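Visitor: Produce the entire structure from the sequences given, and follow the hints as far as they go.
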Amino acid sequence: MSSNYHHPSCDICIFFFCVLSAFGCIIGLVFVITDSETTTPFSDLPIFQVNRVGALNSLTVNGTQITAEFDISVFAYNHKTYSRAYYKAVSADLFYGGEGLVLNRTSLPSFTTHSKSASVMKMTPSVNISEDFGGVASDVALRRKDGRVEFGLIVSTLFKYKNRFSHSDWTSLKVVCNPLKFAVSRNVYNTTTSHGVLLEGLTCTSTY
Numbered sequence: 001m002s003s004n005y006h007h008p009s010c011d012i013c014i015f016f017f018c019v020l021s022a023f024g025c026i027i028g029l030v031f032v033i034t035d036s037e038t039t040t041p042f043s044d045l046p047i048f049q050v051n052r053v054g055a056l057n058s059l060t061v062n063g064t065q066i067t068a069e070f071d072i073s074v075f076a077y078n079h080k081t082y083s084r085a086y087y088k089a090v091s092a093d094l095f096y097g098g099e100g101l102v103l104n105r106t107s108l109p110s111f112t113t114h115s116k117s118a119s120v121m122k123m124t125p126s127v128n129i130s131e132d133f134g135g136v137a138s139d140v141a142l143r144r145k146d147g148r149v150e151f152g153l154i155v156s157t158l159f160k161y162k163n164r165f166s167h168s169d170w171t172s173l174k175v176v177c178n179p180l181k182f183a184v185s186r187n188v189y190n191t192t193t194s195h196g197v198l199l200e201g202l203t204c205t206s207t208y
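So for the sequence shown, my numbering puts the first residue at 1; every next one is plus one.
Since the hints were made in silico from the structure, they are not lab data. Please read all numbers here as calculations on a predicted model, not as lab measurements. Among the hints, a few may not be true.
[Claimed, not checked] Listed below are the simulated DSBU-like cross-link pairs for lysine-lysine, each with C-alpha atoms no more than 35 Å apart in a straight line:
no., residue 1, residue 2
1, K174, K162
2, K174, K88
3, K160, K116
4, K80, K122
5, K160, K181
6, K162, K145
7, K181, K80
8, K145, K181
9, K160, K145
10, K145, K122
11, K88, K122
12, K160, K80
13, K174, K80
14, K88, K145
15, K181, K122
16, K116, K145
Guide: In structure tokens form, the structure reads like this:
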């Protein structure tokens, strides 16, 4: 006589096997996500802004020679839900007119910005050009008669972010802050600290 008896321990074994298999799949998926490197989408790039408290501390134009000293602060906002945003190999180029007319290059320290917070890059670039490089001196002398001169700033950096379950690879980031409008004395030779204020802050443009 055949028996249809089914031992209950078999059902228990099958149940636990299924549970363990599902658990293993979940762990594997989490590991893959955690270990994966993703490309940072444009919409998730940090926001960079120049604070209005910046200043053109001094500006002297004498013939073809121009000297200037700046005080500029750039804020990097981690506005998304990144756990941390990392920056390294940071540099800033001060330019006049076109981006190719660089007057000063400054190296800046690496930094990390945590979720929904900001880091400040403070810089004091100086310019001392004895020849009329790119016609900068003559053009500044002409434009300052209107009581205002404009410069631009490029921040270059390697950037990556880290979340709880993912992180990006290092990505080259170019941040253009232009124009930086400074009110200056109409005196042909000198400005003073009080006259060289930054007229307005601005949000910079970020690209890969």
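Visitor: Compare the distance between the alpha carbons of K88 and K122 with 35 Å, and conclude whether the hinted pair is satisfied.
Guide: Given pair K88, K122 holds - Cα atoms ~15 Å apart, limit 35 Å.
Visitor: For K181 and K80, compute the direct alpha-carbon distance and say whether it is at most 35 Å.
Guide: Distance of about 29 Å is within 35 Å: holds.
Visitor: Please verify whether K160 and K80 have alpha carbons no more than 35 Å apart.
Guide: 13 Å, holds
Visitor: Hint check: K145 vs K122, CA-CA at most 35 Å. Holds or violated?
Guide: 29 Å, holds
Visitor: Are the Cα positions of K160 and K181 separated by 35 Å at most?
Guide: 31 Å, holds
Visitor: Is the hinted pair K116 and K145 satisfied, with a Cα-Cα distance of at most 35 Å?
Guide: 43 Å, violated
Visitor: Hint check: K160 vs K145, CA-CA at most 35 Å. Holds or violated?
Guide: 44 Å, violated
Visitor: Regarding the pair K160 and K116, is the alpha-carbon distance no greater than 35 Å?
Guide: Holds: K160 and K116 sit about 15 Å apart, inside 35 Å.
Visitor: Given the hint that K174 pairs with K88, does the C-alpha gap stay at or below 35 Å?
Guide: The given pair, whose Cα atoms are some 13 Å apart, holds under the 35 Å limit.
Visitor: Does the structure keep K174 and K162 at a Cα separation of 35 Å or less?
Guide: 20 Å, holds
Visitor: Given the hint that K88 pairs with K145, does the C-alpha gap stay at or below 35 Å?
Guide: Measuring from Cα to Cα gives roughly 40 Å; hence the hint is violated.
Visitor: Assess, step by step, whether the Cα of K174 is no farther than 35 Å from the Cα of K80, and give holds or violated.
Guide: Roughly 19 Å between the alpha carbons, so the hint for K174 and K80 holds.
In summary, the structure is inconsistent with hints 6, 9, 14 and 16 from the numbered list given earlier, while agreeing with the others.
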